[in-house]
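Peer 1: What follows is the residue order along each chain.
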Amino acid sequence: MIEEQILETGKDTREMTINMGPQHPSTHGVLRLELVLDGEMVKQCRPNIGYLHRCFEKYAESVEDYAKVIPYTDRMDYVSAMNQEHGYVIALERLLEVEVPERVEYMRVIVAELQRIASHLLGIGTFGLDLGAFTPFLYCFTEREKILSIFEKATGARLLYNYMAVGGLMRDIPKDFKSDTAEFVKTFRPKIKELNDLLSYNKIFIDRTAHIGILPKEVALNYAASGPVLRGSGVEWDLRKNDPYSIYDRFDFEIPVGKGEVGTLGDCWDRYIVRVREMEQSLRIIEQALDGMPEEGDVKEGIPKRIRPKEGEIYTRTETPRGELGYYIISDKGASPYRVKARAPSFVHLSMLPAISKGALIADMVAIVGSIDIVLGEVDR
Amino acid sequence: MFETIGNIMAPLTAIIIHAAIPLTIILVYALVAIWGERKIAGFIQDRLGPMRVGGFHGWAQSIADLLKLIQKEDIIPTDASRFLFKFAPFMMFAASYAAFAVIPFSSDYIGSNINVGVFYLLAVTSILTLSVIMAGWASNNKWSLLGGMRSAAQMVSYEVPTIATVLTVIVVAGSLNLMTVTEMQSGNDILGFLPNWFIFQNPFLIVAFIIFFISILAESHRVPFDLPESESELVGGYQTEYSGMRWAMFMLAEYADMLLLSLLGATLFFGGWNSPFGEFMAGPFWGFFWFMLKGLLLVFVMMWIRWTLPRYRVDQLMHICWSILIPLSFVNLILVALWEMIF
Chain A
1 MIEEQILETG
11 KDTREMTINM
21 GPQHPSTHGV
31 LRLELVLDGE
41 MVKQCRPNIG
51 YLHRCFEKYA
61 ESVEDYAKVI
71 PYTDRMDYVS
81 AMNQEHGYVI
91 ALERLLEVEV
101 PERVEYMRVI
111 VAELQRIASH
121 LLGIGTFGLD
131 LGAFTPFLYC
141 FTEREKILSI
151 FEKATGARLL
161 YNYMAVGGLM
171 RDIPKDFKSD
181 TAEFVKTFRP
191 KIKELNDLLS
201 YNKIFIDRTA
211 HIGILPKEVA
221 LNYAASGPVL
231 RGSGVEWDLR
241 KNDPYSIYDR
251 FDFEIPVGKG
261 EVGTLGDCWD
271 RYIVRVREME
281 QSLRIIEQAL
291 DGMPEEGDVK
301 EGIPKRIRPK
311 EGEIYTRTET
321 PRGELGYYII
331 SDKGASPYRV
341 KARAPSFVHL
351 SMLPAISKGA
361 LIADMVAIVG
371 SIDIVLGEVD
381 R
Chain B
1 MFETIGNIMA
11 PLTAIIIHAA
21 IPLTIILVYA
31 LVAIWGERKI
41 AGFIQDRLGP
51 MRVGGFHGWA
61 QSIADLLKLI
71 QKEDIIPTDA
81 SRFLFKFAPF
91 MMFAASYAAF
101 AVIPFSSDYI
111 GSNINVGVFY
121 LLAVTSILTL
131 SVIMAGWASN
141 NKWSLLGGMR
151 SAAQMVSYEV
161 PTIATVLTVI
171 VVAGSLNLMT
181 VTEMQSGNDI
191 LGFLPNWFIF
201 QNPFLIVAFI
211 IFFISILAES
221 HRVPFDLPES
231 ESELVGGYQT
241 EYSGMRWAMF
251 MLAEYADMLL
261 LSLLGATLFF
271 GGWNSPFGEF
281 MAGPFWGFFW
291 FMLKGLLLVF
301 VMMWIRWTLP
311 RYRVDQLMHI
321 CWSILIPLSF
331 VNLILVALWE
341 MIF
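These protein sequence lines are chains A and B, in that order.
Just so you know, UniProt numbering puts 23 at position 23 of the first sequence, and the rest follows in order with no gaps.
Just so you know, UniProt numbering puts 51 at position 51 of the second sequence, and the rest follows in order with no gaps.
Any given hint could turn out to be false.
Straight-line C-alpha distance at most 27 Å; calculated DSS-like pairs for lysine-lysine [what the hints assert, rightly or not]:
no. : chain 1 : residue 1 : chain 2 : residue 2
1   : A       : K175      : A       : K193
2   : B       : K142      : A       : K193
3   : A       : K43       : B       : K142
4   : A       : K68       : A       : K333
5   : B       : K142      : A       : K191
6   : A       : K358      : B       : K142
7   : A       : K146      : A       : K217
8   : A       : K146      : B       : K68
9   : A       : K68       : A       : K300
10  : A       : K300      : A       : K310
11  : A       : K358      : A       : K43
To be clear about the criterion: a stretch of chain A counts as covered by chain B if any three or more of its residues have a C-beta under 8 Å from a C-beta of chain B, and this derived list gives those stretches [unchecked claim]:
no. : region
12  : 135-146
13  : 174-182
Here are the in silico distance ranges between beta carbons for each label pair [stated by the list, open to error]:
no. : chain 1 : residue 1 : chain 2 : residue 2 : range
14  : A       : D252      : B       : L69       : 39 to 45 Å
15  : A       : E236      : B       : P77       : 48 to 54 Å
16  : A       : Y51       : B       : F90       : 35 to 41 Å
17  : B       : E279      : A       : R189      : 37 to 43 Å
Hints listed in this document are in silico derivations from the structure and should not be mistaken for laboratory results.
All C-beta atoms, glycine included, are put in the ideal place defined by N, C-alpha and C.
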């Protein structure tokens, strides 16, 4: 067939199918993209997942206790473990109708927002790395390390914390937690400016990311995108404001949205800059939470001895660094959940990759995959 | 009988010695530069870089790396074109090494003082392109093939602005011999104190140098133009399948190429082995010192750029070359020629 075509036209115009991943450095570990290439242009892109699959949902149904699911949620999105835990414990608390002490709520907000900054730093850093900028990646990592050190003091772990409990926290805060966090907030502000100088407004970086991988507002909404990917397309939608959970309605912060400043609305640069600006907003929330946090109070008093929800079901959604994380839990009065389903934002965002990558170059593919900031642990669950 | 042997031996010895000097310089430089690059990267990235091997700031790191690379398994992909695959790294290094023959290291030392030095250098370095395509094609890997094809496009394109800017210097100097070009830049007459380097002689030559520097970044595949390898897109491009010493040969060639083109820049624009202070610290030895210093400073700037900037996309790279640098360099060539006519 191909030989006939060559004989007829005198040209060999076969398309090349190439595997980007799973060992490719820019597919973040375990994503495989099947690219159909015409020269360097991507004609078709088929995301292929499942290389990291470890049955989170099935595990959740077979553990002995609702609380024992919490460490597994950490492992889903290992870059923003605190936010995953937060989502899960909120779901259970609503199912059980447990009251959460004031101090615990403040603590949770602080760690969740710190985790959001840490996660965005990793996303931004690896995004730069995908485009060949090595130095911003290490700068971001230096800052992320500071957050991890704060977490290490509080929880004993650097990546997978198992910190939140239903109705409370596993441990009370260490004595210098507040001063460490305040110090971090103070030193981190100038670093954002540095990052903007070095990367965000760099001519080459803008050339590589503006007008690339454009995700129009309608497409984003049709695919049910959320988080920075949706906000990059100019939709002002943040669950912390639009469907407040925990105590987020008490804080004063803005929702940064993409405006197409240097390119088209919804391009890779917009998604990137939304993350940078969200870090600034998270700093504001942390500051307010540090001020408002009650000095006294036991963080463990609200934890129920035995978690046995009555028969029923619940769906809750929270805003993680990557977008809307939903937990759907069905209880049959048993010791372990009858069914747990997680609605992971990365999975949704990955599914729209074929739609936004048509006609891109290989180098653009790297930029697009980097800009939607997927974590494969969450995609494969 | 002995006379005949003597007649053969004497030039042979001379050839071997002349061949050994640049090789020693390249190898010593490569060891220092690899360590230096990592230290510079460390400094820019707010960390220490290598610290372990050999006491003071890990100075023996590149030697340790070398020993490690020698021990590594030599892997050749099953369906690779074996001869081309093995040959490509050596050819790449040979191309940049051969070009050192016409580099005037000092007022007393040049490998081969030929009249078409610049021409020879540019001709020989263009073999680099061939070896990259060879490596990319022979690897039997789609990513390598893409890297090879990219490099063909990139290096052939960037040769045009490089040659156009070299031509501007040739127009001013009136000679293709690099020794003559250097000798013409001796003395400190400009504004009474500046050295007679070509970069100071004519405002358009500053533009020429900037174009030249951007082009040599692309010629030696350094960031922001390191597209042939571009590890985060093409997994390493043409060198994906190479391991151990074969890979090290590519790296050595890259570093040799950086030095070569920087030294060419120093010769053409910064007075080669001439001292910046007139007669002060002049002479053959100091000449070598100044020459290497100028070359290494340009290498340093290349490293500095590498650890600061992201990478361009392949079509943007072509756009920069064909729509900006080439027209600009030719207009600049005409302006330099006019300046030379008027003044």
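Peer 1: All hints, please: hold or fail.
Peer 2: Each hint, compared with the structure:
no. : hint                           : result
1   : A:K175 with A:K193             : 30 Å, violated
2   : B:K142 with A:K193             : 40 Å, violated
3   : A:K43 with B:K142              : 16 Å, holds
4   : A:K68 with A:K333              : 16 Å, holds
5   : B:K142 with A:K191             : 40 Å, violated
6   : A:K358 with B:K142             : 20 Å, holds
7   : A:K146 with A:K217             : 36 Å, violated
8   : A:K146 with B:K68              : 34 Å, violated
9   : A:K68 with A:K300              : 17 Å, holds
10  : A:K300 with A:K310             : 22 Å, holds
11  : A:K358 with A:K43              : 6 Å, holds
12  : 135-146                        : holds (count 4)
13  : 174-182                        : violated (count 0)
14  : A:D252 with B:L69: 39 to 45 Å  : 57 Å, violated
15  : A:E236 with B:P77: 48 to 54 Å  : 52 Å, holds
16  : A:Y51 with B:F90: 35 to 41 Å   : 38 Å, holds
17  : B:E279 with A:R189: 37 to 43 Å : 54 Å, violated
Checked against the numbered hints given earlier, the structure breaks hints 1, 2, 5, 7, 8, 13, 14 and 17 and satisfies all the rest.
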